[in-house]
Each structure stands twice: as C-alpha cells, then as structure tokens.
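*Asks:* Those sequence lines, one after another, are chains A, B, C and D.
Note that this note's numbering has the first sequence beginning at -1, numbered continuously upward.
Note that this note's numbering has the second sequence beginning at -1, numbered continuously upward.
Note that this note's numbering has the third sequence beginning at -3, numbered continuously upward.
Note that this note's numbering has the fourth sequence beginning at -3, numbered continuously upward.
Among the hints, erroneous ones may be present.
Beta-carbon label-pair distances, calculated as ranges [stated by the list, open to error]:
#: 1; chain 1: A; residue 1: Lys95; chain 2: D; residue 2: Ala29; range: 23 to 29 Å
#: 2; chain 1: B; residue 1: Asn1; chain 2: D; residue 2: Val47; range: 24 to 30 Å
#: 3; chain 1: A; residue 1: Glu108; chain 2: B; residue 2: Asn1; range: 38 to 44 Å
#: 4; chain 1: C; residue 1: Leu11; chain 2: A; residue 2: Glu108; range: 29 to 35 Å
#: 5; chain 1: B; residue 1: Glu101; chain 2: A; residue 2: Thr134; range: 18 to 24 Å
DSSO-like mimics (lysine-lysine), calculated; alpha carbons at most 30 Å apart, straight line [to be verified]:
#: 6; chain 1: D; residue 1: Lys8; chain 2: B; residue 2: Lys8
#: 7; chain 1: B; residue 1: Lys130; chain 2: D; residue 2: Lys55
#: 8; chain 1: B; residue 1: Lys144; chain 2: D; residue 2: Lys59
#: 9; chain 1: B; residue 1: Lys14; chain 2: A; residue 2: Lys18
Read the hints as simulated data drawn from the structure, not as lab findings.
Just so it is clear, CB atoms sit at the ideal spot from N, CA and C, and this is done for glycine as well.
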Amino acid sequence: MLNIYTGALKVPHILKEWYKEENSSNYGAYISFVGTVRSEDGIDGLSFDLYEPILYSWFHDWEEKAIKLGAKIKMAHSLGDVMLHESSYIAAVFSPKRRVALELIDEFVEDFKANAPIWKYDLKDNKRIYAKDRSTAISGSGLLAKG
Amino acid sequence: MLNIYTGALKVPHILKEWYKEENSSNYGAYISFVGTVRSEDGIDGLSFDLYEPILYSWFHDWEEKAIKLGAKIKMAHSLGDVMLHESSYIAAVFSPKRRVALELIDEFVEDFKANAPIWKYDLKDNKRIYAKDRSTAISGSGLLAKG
Amino acid sequence: MVKVEFLGPIQKPTLELEITNLNELPAILQADAEVNIWLESCAVALNDTLVSSLEAPLKDGDKISLLPPVCGG
Amino acid sequence: MVKVEFLGPIQKPTLELEITNLNELPAILQADAEVNIWLESCAVALNDTLVSSLEAPLKDGDKISLLPPVCGG
C-alpha cells in the first residue's frame, strides 16, 4: 500500500492504522521508518514533486519482492510543502520473523532514496530551490547524453 | 528510555508518545521495531520474566553507544502475560540521518535477543512453559560448569 | 506524434515530436542548451516504464519522460 | 555471607553461602543435580554486573545471580 498525502504526514495516525490493519495477519515483526524535516542550512521546510505512474510501478515491484519473502511493505509520502520538524515519509515492513523485516526495511529505504521518482526542494527565503546536491541520478541515467 | 509494562504494550500510544517527545530534537530518522505474539504451535500467548537491574544496565550501555553516534534509543517491554496478536516489545532509534538509525536498530535488536535478561514462556493448556529451544545463552555463559 | 515531458525541476513545457524511434531523441534534445545540461543525469521512461536502451520504435501517442536526479524522503 | 539467586526459569530458592571467593561456587553448585544441568548455559553476575572470570573475592552481603538462556521480544 502506497499513500500520497498533500503536506505533512500525520505520523501517529498512520503508524496506528498500519498496526491495526495487520493486527490479525500473524506478523511477528513490524518495522517502520519515519523521515522528518531537519533544521539545517537555514531552510524553512522542504517541498516535493513526484511522478505517480512510475512511483506506483516502482512500489509495486517492491510489494512483489516482499510477498516472495512472506512480508508486506507499506509507504506514505508527502506531496508539496512540509515544514521543519514535520514528517514527509514513512515506510514499513511487516514480516513473520525479525530478520526479513530488518533487512528489507534497509534495502527498501535505500532503493527508495536512489530510485523513487520524487524531487526535493528546499524552502528558503520564499523560494523553492531544487536540492540538486542531495539528489541521485536514477540507475541507468545518461542514455540521452550519448549518440 | 526503557519502560516496562505489565501485560501487552499499547503500541500506537507508545509510538505516538516517542514521536512527540523527539519532535523538536531535530532527528531526521525515527525507526521503530514492534514485536508481536504470533500464533504458532498452538500457544495462547507468551509470558515474560525479566531481571531489571541487569536489563537497565544493559540498556544504559546502549544509550551511551547511541549518544556517541548522535542517536537516541528507546525501548518498551512487557512483563507477565501477552496474548496472541498482542505486542510485547518495541525498540526505537532516532538519529539525524538514516544510516545510523538503520544500522543501530538492527544491532540493538540482535543484541537484545542475545543478551537482554528476559525469559520467555509459552502459555499453552493453562501451563507456562519455558521457551528453552528459542532461548540463547548470554555471551560468556558456562563459567560455573568448569572446575 | 509522440510527447516528451520533463519531470521535477526541469522547467520545460512538454514537447511534441514527429519521430519514429527513441534513438532520434538525443540529437534533438542535445541541440537545446537548456535541456542538454540535464541529459547526463536523466533517466528515460517510455510510456511510464524506464528504458535501458534507446533502440525502441515509437508509435503515435507514445509518451517519453525525462527523470532528473531524485531525492525522496 | 553471600546470596546466590536463580533467575527466570530456574525453580530454586535463593541460597545463602559462606564463601569468600567466587571460585568456590562451581563445586557447590555442581553438587546439586537440579542446578548442575543449568550451569553450562548460565551467565553469572556479581552484584548485578556480569562477570567473565570467577576469580573474585567476595564480601559479606554480595549478591551472585545465575542467568539462564534468554529470549526477549
């Protein structure tokens, strides 16, 4: 399950709903990762664009991978502005035993950072500035620079 | 922070309180691990004994280790009976950036399983049976078996 | 006719092109200085699937997307 | 006098012993068949600190704890 919300995430509510949803699924481990906007470099907040068609297909591939391991993945992400100390990202893994959940959350979050089609902007002095230096080219980038 | 509760943990409440506690601490990552009682081998639930003095000092060592990495660790555990699909364990790591949190939660949970002085019993047919086969001797065990 | 859309921070309106193979695209985009600076770091999707090769015949209505470097979370 | 307490699943009341070094303990506990079966898998704490050696002088009031295999979570 992937949910996109405009603005900051209601973290306690989402963590609670996910816990309740899987309460009778007999998973022994539930790991969640919450990403919160940090105060640094004088920013007022962050803002996000995302491209839903590829985001959903990227996430679907992860859902399939999780199922093969007997696990389930959930994710929530913000669209638009998220201010300091608000949260923009939650990922969670449910699995029967702990090792799968501990390993999958790590792999999932890293692949999310590297490949999910989401663009981040710093909100600073009433401007929206692409966070170019913190961004990562999706694997396979550069095809159009050749030829 | 280590909290011990009699019976099952109120997971959504604890996850929410921890999130609120660290809301202004400028941590960018919050990872939590929730352990829930699975239905297997016909058990009705689990029961826990724990030895607080050593549990608290073990946890204190982890708090110190986390501080050195700029992180914070929290943990909650049940004492006594916890029934099927209820939760008995929550661990969480807060850190400025994701890598520390992802690595620390894994190390912490594994060390918890191996060394925290907590004993688990299956509740089955109105009996409380020590989960010997799933238990791990604390590192350094066996001193008294020698000469 | 195919559409070429620029995602995220690339401030560029969608292009409409009459090309019949994806391999015609580099020459066209490289000629636009404003777009050219992004090409080295962009991934390419055809009809919302990322491609790993530009050898792909195009048909009328196909959508090509350029995805610049990402940073979710 | 020192106390020896058995934690978790070891069903055994606390012992009170007149010993002056931890290294006297193995012989005493190994003689009790009910306790002996646990010794291979037990860790030992002196005044709530785990020890890695039995060479430790004891004083009146010291507390020794035996910790059998654990399984939290």
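*Asks:* Each hint: holds or not?
*Replies:* For each hint, the structure was consulted:
Between A/Lys95 and D/Ala29 the beta carbons are some 36 Å apart, a value that contradicts the proposed interval 23 to 29 Å. For the pair B/Asn1 and D/Val47, the beta carbons lie near 28 Å from each other, so the given range of 24 to 30 Å is met. Separation of A/Glu108 from B/Asn1 is about 31 Å and departs from the stated range, judged on CB atoms against 38 to 44 Å. For the pair C/Leu11 and A/Glu108, the supplied restraint of 29 to 35 Å holds, since their beta-carbon distance comes to about 34 Å.
For B/Glu101 and A/Thr134, the hinted distance range of 18 to 24 Å is satisfied, since their beta carbons lie about 20 Å from each other. A hinted pair counts as satisfied when its Cα atoms are at most 30 Å apart, and D/Lys8 with B/Lys8 does not qualify at roughly 34 Å. For the suggested pair B/Lys130 and D/Lys55, the alpha carbons sit about 34 Å apart, so the restraint of at most 30 Å is broken. Of the supplied pair hints, the one linking B/Lys144 and D/Lys59 holds, its CA atoms being roughly 20 Å apart against a limit of 30 Å.
Using a Cα cut-off of 30 Å, the hinted pair B/Lys14 and A/Lys18 holds, with the two alpha carbons roughly 14 Å apart.
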